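Trainee: Residue strings, one per chain:
2 protein chains.
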Amino acid sequence: MSFLTAKSTIESTQIFNIVKKMPKGALLHAHLEATVDAGFLLKSALEHTNVCIRAASTITKETLGSTLPDFAPRPVAGSYESPATITSPNYVPDTYVSAQKVRREWPEILGGPEGFDRWVIQSLTINPSEAYDTHNTTVKIWNKFQSCFTVIRGLLAYEPVLRKFLRQLFESCVEDGISYAEFRWNFTPKDNILTSEDGTCYIDHDRLLSIFQTELELYLQNLRDAGRSDLFHGAKIIYTFVRIISVEELEWYLEDCLALKKKYPQLIAGFDVVGPEDVMHPLIYYLEPLIKFRNKCEALGIDLPFLFHAGETLGDGNSTDQNLYDAILLGTKRIGHAFSLIKHPTLMRLCRERNICCEVCPVSNEILRLTASIPAHPIAAMLNHGVPIALASDDPGIFSNIGLSYDFFQVLVSSEISGLMTLAVLARESFQHAILDEEEKKRALAVWDARWARYIEEVVSTNGIL
Amino acid sequence: MSFLTAKSTIESTQIFNIVKKMPKGALLHAHLEATVDAGFLLKSALEHTNVCIRAASTITKETLGSTLPDFAPRPVAGSYESPATITSPNYVPDTYVSAQKVRREWPEILGGPEGFDRWVIQSLTINPSEAYDTHNTTVKIWNKFQSCFTVIRGLLAYEPVLRKFLRQLFESCVEDGISYAEFRWNFTPKDNILTSEDGTCYIDHDRLLSIFQTELELYLQNLRDAGRSDLFHGAKIIYTFVRIISVEELEWYLEDCLALKKKYPQLIAGFDVVGPEDVMHPLIYYLEPLIKFRNKCEALGIDLPFLFHAGETLGDGNSTDQNLYDAILLGTKRIGHAFSLIKHPTLMRLCRERNICCEVCPVSNEILRLTASIPAHPIAAMLNHGVPIALASDDPGIFSNIGLSYDFFQVLVSSEISGLMTLAVLARESFQHAILDEEEKKRALAVWDARWARYIEEVVSTNGIL
Numbered sequence: 001m002s003f004l005t006a007k008s009t010i011e012s013t014q015i016f017n018i019v020k021k022m023p024k025g026a027l028l029h030a031h032l033e034a035t036v037d038a039g040f041l042l043k044s045a046l047e048h049t050n051v052c053i054r055a056a057s058t059i060t061k062e063t064l065g066s067t068l069p070d071f072a073p074r075p076v077a078g079s080y081e082s083p084a085t086i087t088s089p090n091y092v093p094d095t096y097v098s099a100q101k102v103r104r105e106w107p108e109i110l111g112g113p114e115g116f117d118r119w120v121i122q123s124l125t126i127n128p129s130e131a132y133d134t135h136n137t138t139v140k141i142w143n144k145f146q147s148c149f150t151v152i153r154g155l156l157a158y159e160p161v162l163r164k165f166l167r168q169l170f171e172s173c174v175e176d177g178i179s180y181a182e183f184r185w186n187f188t189p190k191d192n193i194l195t196s197e198d199g200t201c202y203i204d205h206d207r208l209l210s211i212f213q214t215e216l217e218l219y220l221q222n223l224r225d226a227g228r229s230d231l232f233h234g235a236k237i238i239y240t241f242v243r244i245i246s247v248e249e250l251e252w253y254l255e256d257c258l259a260l261k262k263k264y265p266q267l268i269a270g271f272d273v274v275g276p277e278d279v280m281h282p283l284i285y286y287l288e289p290l291i292k293f294r295n296k297c298e299a300l301g302i303d304l305p306f307l308f309h310a311g312e313t314l315g316d317g318n319s320t321d322q323n324l325y326d327a328i329l330l331g332t333k334r335i336g337h338a339f340s341l342i343k344h345p346t347l348m349r350l351c352r353e354r355n356i357c358c359e360v361c362p363v364s365n366e367i368l369r370l371t372a373s374i375p376a377h378p379i380a381a382m383l384n385h386g387v388p389i390a391l392a393s394d395d396p397g398i399f400s401n402i403g404l405s406y407d408f409f410q411v412l413v414s415s416e417i418s419g420l421m422t423l424a425v426l427a428r429e430s431f432q433h434a435i436l437d438e439e440e441k442k443r444a445l446a447v448w449d450a451r452w453a454r455y456i457e458e459v460v461s462t463n464g465i466l
Numbered sequence: 001m002s003f004l005t006a007k008s009t010i011e012s013t014q015i016f017n018i019v020k021k022m023p024k025g026a027l028l029h030a031h032l033e034a035t036v037d038a039g040f041l042l043k044s045a046l047e048h049t050n051v052c053i054r055a056a057s058t059i060t061k062e063t064l065g066s067t068l069p070d071f072a073p074r075p076v077a078g079s080y081e082s083p084a085t086i087t088s089p090n091y092v093p094d095t096y097v098s099a100q101k102v103r104r105e106w107p108e109i110l111g112g113p114e115g116f117d118r119w120v121i122q123s124l125t126i127n128p129s130e131a132y133d134t135h136n137t138t139v140k141i142w143n144k145f146q147s148c149f150t151v152i153r154g155l156l157a158y159e160p161v162l163r164k165f166l167r168q169l170f171e172s173c174v175e176d177g178i179s180y181a182e183f184r185w186n187f188t189p190k191d192n193i194l195t196s197e198d199g200t201c202y203i204d205h206d207r208l209l210s211i212f213q214t215e216l217e218l219y220l221q222n223l224r225d226a227g228r229s230d231l232f233h234g235a236k237i238i239y240t241f242v243r244i245i246s247v248e249e250l251e252w253y254l255e256d257c258l259a260l261k262k263k264y265p266q267l268i269a270g271f272d273v274v275g276p277e278d279v280m281h282p283l284i285y286y287l288e289p290l291i292k293f294r295n296k297c298e299a300l301g302i303d304l305p306f307l308f309h310a311g312e313t314l315g316d317g318n319s320t321d322q323n324l325y326d327a328i329l330l331g332t333k334r335i336g337h338a339f340s341l342i343k344h345p346t347l348m349r350l351c352r353e354r355n356i357c358c359e360v361c362p363v364s365n366e367i368l369r370l371t372a373s374i375p376a377h378p379i380a381a382m383l384n385h386g387v388p389i390a391l392a393s394d395d396p397g398i399f400s401n402i403g404l405s406y407d408f409f410q411v412l413v414s415s416e417i418s419g420l421m422t423l424a425v426l427a428r429e430s431f432q433h434a435i436l437d438e439e440e441k442k443r444a445l446a447v448w449d450a451r452w453a454r455y456i457e458e459v460v461s462t463n464g465i466l
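Keeping their order, the protein sequence lines are chains A and B. Mapping of the first sequence onto UniProt numbering: position 102 corresponds to residue 102, and the numbering continues sequentially without gaps. Mapping of the second sequence onto UniProt numbering: position 92 corresponds to residue 92, and the numbering continues sequentially without gaps.
The set of hints was computed from the structure by calculation and includes no laboratory data. A quick note: this is a predicted structure, and the numbers were derived from the prediction, not measured. Fair warning: there could be bad hints in the mix.
Any copy will do: because identical chains look the same in the list, a pair fits if it lies in one copy or spans two.
[Claimed, not checked] Derived DSBU-like pairs: lysine-lysine, alpha-carbon spacing no greater than 35 Å straight-line:
| # | residue 1 | residue 2 |
| --- | --- | --- |
| 1 | Lys144 | Lys61 |
| 2 | Lys140 | Lys441 |
| 3 | Lys292 | Lys263 |
Isolated chain A (complex conformation) (with noise of 0.2 Å):
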């Protein structure tokens, strides 16, 4: 059975349950947008009245299936409140309406409030037919894959509601058993869009890092005043982009990340580029900059290593898969996914010799339809053949499977050697993966220990010996 067909079959399972409590070590694979449930963030939007929204017509049950929202905040709170709203005849195409107003009256022919609701979540997320029938090529799910992404960030651009964000992205690692974690965030050339609470001023990367860091702080501290600061060590960013841009746009982007790394050393972890790899620019045609980078930071004495996406394809010899040695020749520290790594027996070896941890997405790989089903995924094969691997989730409020918990799930259930050793062997690895020095990885190991011990204790004596 398919993932998002199964996915309350697992739910209900005692085996789910058990995963659900393990202690998880480090997400070290997951795209910062895409991590957080898509009805909590609307309702977060929700409660603000900068946030608003507009469409190219009035919406109408014909339309509805076809249109995006288009989300935004904007300035002078409440002033989006007076327009016809967007599902009214008299709607004045690409003006803004509040967000508030639209759910308000969002007609009883389109469901009402809840239709709104409906609506938006839909956009947000993928669902089983879309993953299994209308979209059952990868590129056709890329493809609404993308247009969710491009919905978040219309969400994601009001920082209060960006604030919630984080802070229910803290939480929700925590409740899933994530002690740490390092999330790739998408960066743009020209902060046009995220705007701060009055809605009128535009963010730039450095004030992006410090709401990041401050609402990171206030996370941390939190859980040191309850006493549970073994629950959560703290997380990173990736810096990324997307690889649809130029050799000398890319330029403008590593000075960025540059300069963002001087500035905040403990937050930024690396440097990945993100996007379809099968239908954008493949490594090598950015190799010369990236070198060029290298070289500057090793220079500088800055340990900004590179973490990049290869591989993620179901192609032989096409140039995804040619980005597996492009990567690893460019001493890439991790590869995102590797999922076709199977097929190089060299590279293999060489992700054996040198560490090179593959961050392996079994769900994501499912729904963005590189395996029909987690029995057809080369993890097994890639474990027995000593690959270090790291289960990671990728963009869990997509999938509607926050956390790691499902990840996990299916590499357990998938087959009859795994046990739960295996994810405890997995998580425990996980650390050493992660862009941490080796004092903070011999505490989080520490803990982690103490954590694992109690909770197999727990799982004892609560399920008896399994």
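Please arrange chain B on chain A, whose structure you already have, making use of the hints.
Mentor: Here is chain B on its own, set in the frame of chain A:
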């Protein structure tokens, strides 16, 4: 796109036509009953008045879809013309009626005689909607698959039909560029099905092999007479039984196989166990008699190699996956499918070191739901890991992919690395893994090399340098 959906598109391509004409070497994995076009089989059966059909009740529009045709040859030709036909309200359940009459009187409401043909063909083959929608798990599609075999066996149970079937089989091999074949034939303990031309006499295994030998000799003689003995070198039988019998029953089969090998040393190539590995007995269940058998063969100086199915599964560490270990420990000379082999680095090494060939059946694996599409098939990985491989068709009659061209095509187009030379290496090496003596292999290779040279000249002169 999935294989059965894409089939007509595949056939219309220039590449397919190039692959079709290629000399393909040896076909090493095909189940004899499922190697001939279903339409041909039905047409051959309908030429004989002895071929009858029965049903448990009158067939109507309502019961048609859920009822299988139950064919059997009956004695006294013509006397099954008188009973009411199986679609008549007066039909007496379970009585045999001549298939010719049933077809002739097939009512218009069920599509007339062509409706009868469709009904039978549908029972002999797997169509796209079964493969991808209604029977979309390995267990469900195996049920359909086994029901196809049941219907085929009723049709093939009549000696004149079997003879036509064999002639067509050799002919279709030659048409597809296959110059040698080893067919797995399923032996049943009591020969209460196959009947002689007058429909009165049961045929034992000895006679079965003599029929095969006669038809093969006749076919080879015709080729020699036409000066085309380079097209086909011969065919052999791999003795198989279904892995559902008891250990005690197996003793009978092993003795039977040995006796046949003594009488037809050139015809019996080896020994195998068939049927769905995931639901029937694993190899280890038959360990003791198999080891005894191997020792006995050795003591007698008889070369009767094991050619075991193993690893035809999505499972990891289940009994089918474990069959790979047992097959290799039992000294198998080749492995049928070895689909899960990629998960076992050590077993892959043993296959390389001991030159154990994996008979990989890409189309079969896709239709039987082990892989969602050919790019997701482990064959590219297996090739890169240096595992010896021969491409095979498994059950082309049921899958509607007669010959090896479809499997070769799928491998060619699934990778940007594979080219015609990849296929050439696979075709040429197939002889090395065949059960032929060194002299025969040398001859087959010399003939193949000459054919390949002519083929490449023809491809280039017809299509230009590709």
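Trainee: With reference to the structure, classify each hint as holding or not holding.
Mentor: Hint-by-hint comparison with the structure:
no. : hint            : result
1   : Lys144 x Lys61  : within (21 Å within a copy, 43 Å between copies)
2   : Lys140 x Lys441 : neither (40 Å within a copy, 49 Å between copies)
3   : Lys292 x Lys263 : within (21 Å within a copy, 75 Å between copies)
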